[in-house]
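Visitor: Sequence:
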Amino acid sequence: MKYSLASIMVIFAFIQAFAQIPQSFKYQAVARDSTGSVIVNQSVSFKLSIIEDSITGTTVYNEVHNVFTSQFGVVSLEIGKGNVNSGVFADINWANGISFLQIELDETGGTDYVSMGTTQLISVPYALEAEEAAHARSLSLTGVNGREYEVRLDENENIVISLIWLCGDTLTDPCDDQKYGTVQIGNQCWMAENINIGTRIESTNNMLNNGTIEKYCYDDLESNCDTWGGLYQWYEMMEYDTTPSTQGICPSGWHLPADEEWKILEGTVDSLYGVGDSIWDLTGDRGLNAGGMLKETGTGHWNYPNSGATNAYGYTALAAGSRNTDASFPGLLLYGRFWTSSQSNTNAFRRVLASFRADIKRDPVNKLFGLSVRCIRD
Numbered sequence: 001m002k003y004s005l006a007s008i009m010v011i012f013a014f015i016q017a018f019a020q021i022p023q024s025f026k027y028q029a030v031a032r033d034s035t036g037s038v039i040v041n042q043s044v045s046f047k048l049s050i051i052e053d054s055i056t057g058t059t060v061y062n063e064v065h066n067v068f069t070s071q072f073g074v075v076s077l078e079i080g081k082g083n084v085n086s087g088v089f090a091d092i093n094w095a096n097g098i099s100f101l102q103i104e105l106d107e108t109g110g111t112d113y114v115s116m117g118t119t120q121l122i123s124v125p126y127a128l129e130a131e132e133a134a135h136a137r138s139l140s141l142t143g144v145n146g147r148e149y150e151v152r153l154d155e156n157e158n159i160v161i162s163l164i165w166l167c168g169d170t171l172t173d174p175c176d177d178q179k180y181g182t183v184q185i186g187n188q189c190w191m192a193e194n195i196n197i198g199t200r201i202e203s204t205n206n207m208l209n210n211g212t213i214e215k216y217c218y219d220d221l222e223s224n225c226d227t228w229g230g231l232y233q234w235y236e237m238m239e240y241d242t243t244p245s246t247q248g249i250c251p252s253g254w255h256l257p258a259d260e261e262w263k264i265l266e267g268t269v270d271s272l273y274g275v276g277d278s279i280w281d282l283t284g285d286r287g288l289n290a291g292g293m294l295k296e297t298g299t300g301h302w303n304y305p306n307s308g309a310t311n312a313y314g315y316t317a318l319a320a321g322s323r324n325t326d327a328s329f330p331g332l333l334l335y336g337r338f339w340t341s342s343q344s345n346t347n348a349f350r351r352v353l354a355s356f357r358a359d360i361k362r363d364p365v366n367k368l369f370g371l372s373v374r375c376i377r378d
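Counted the way this note's numbering counts, the sequence shown spans residues 1 to 378.
Below, simulated EDC-like cross-link-like pairs (lysine to aspartate or glutamate); rule was C-alpha separation at most 20 angstroms, straight line:
#, residue 1, residue 2
1, K361, E260
2, K81, E239
3, K81, E104
4, K367, E202
5, K367, D241
6, K81, D91
7, K179, D169
8, K26, D173
9, K367, E260
10, K263, D363
11, K179, D378
12, K361, E296
13, K367, D326
14, K179, D226
15, K26, E78
16, K81, D106
17, K361, E261
18, K26, D91
19, K361, D285
20, K81, D241
21, K26, E104
22, K367, D259
23, K26, E239
24, K263, D285
25, K81, D378
26, K361, D259
27, K179, E296
28, K26, E63
29, K26, D241
30, K263, D378
31, K367, E239
32, K26, D378
33, K179, E222
34, K81, E63
Quick list of simulated restraints, FRET-style, between CB atoms:
#, residue 1, residue 2, range
35, T310, N93, 50 to 60 angstroms
36, I264, T119, 35 to 45 angstroms
37, D219, S54, 57 to 67 angstroms
38, N41, L166, 30 to 40 angstroms
By construction, these hints were calculated from the structure, which means they are not laboratory data.
What you are looking at is a predicted structure, and each value in this text was computed from that prediction instead of being measured.
Using N, Cα and C, we set each Cβ at its ideal position, and we do this for glycine too.
Throw the hints in and build the complete structure from the sequences for me.
Guide: Given below as structure tokens:
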């Protein structure tokens, strides 16, 4: 059987001022069979090759990935970090001529690969030096302010710089086409809405590592997920990885915020910033008014008095409640409870915003709770 790959996006890693050479780049695609049907929830194998000069040129690097397609048929690969068959990724000379990516797939997860085709890498994964970048027809660059730019040469060899995406623009998750607002807060770019991806399951069931993203909806009503976002157990959110700041259920190019990234957010927005993290941690109470700065104003999604709420930075936190380990749903309109991707022994750290407080609570809790999730840009 022949298969096809519908590519969603290829994200190449660039380092500001070309100061450091990354050792991988990301590739995301949707796998389909010869009838056009998406290959879902299935173990598949990819063989990826970097070819120089032409489609039939010399293969300078080759690696294999064994991955599981999502419920939408999506696969996310990090080229340069697979099981290497030949070559050294770090030794590829991207500035030397043209490079091509050949993709081969075995739908069964074995080694009987079928070619998906070969495509030219228009934007090289990185530039070794500024003068070498001139050999590429286009580059994608991300600034520290979250802006993404395309730098290219037009037909007259003039340099053209175009803004591709700016934090504050709407983010569309390619996995399910859901759209999220985004907001720049200091040097961080956050989702301005709770993520809502996956298939709803009943609160009486724990989430399983079954290749399908699962979510809880408050009171087991899908309409509540539409308003408040999904609620996720920690391992499901992490997609069963335990690495802080892993992508998890976030869109490509985004990740789950670690405890330290939440601390940066708190320090950026709180008027008590500068007191010192050790003092903040003594009671688990974070700062003076970080929660108020992040909460949506009014009482549409918070109970009165919604203490200190100013939403000064556009984070627009909602009191979405949670799913308890006994399958109950407490706290709607009272609490906004958010996971971090950082563990604390057998538990994981969370953040809690309350309708009757202006600060933020930090504490470790059982990973089987169902909490809200915000993603942060890589």
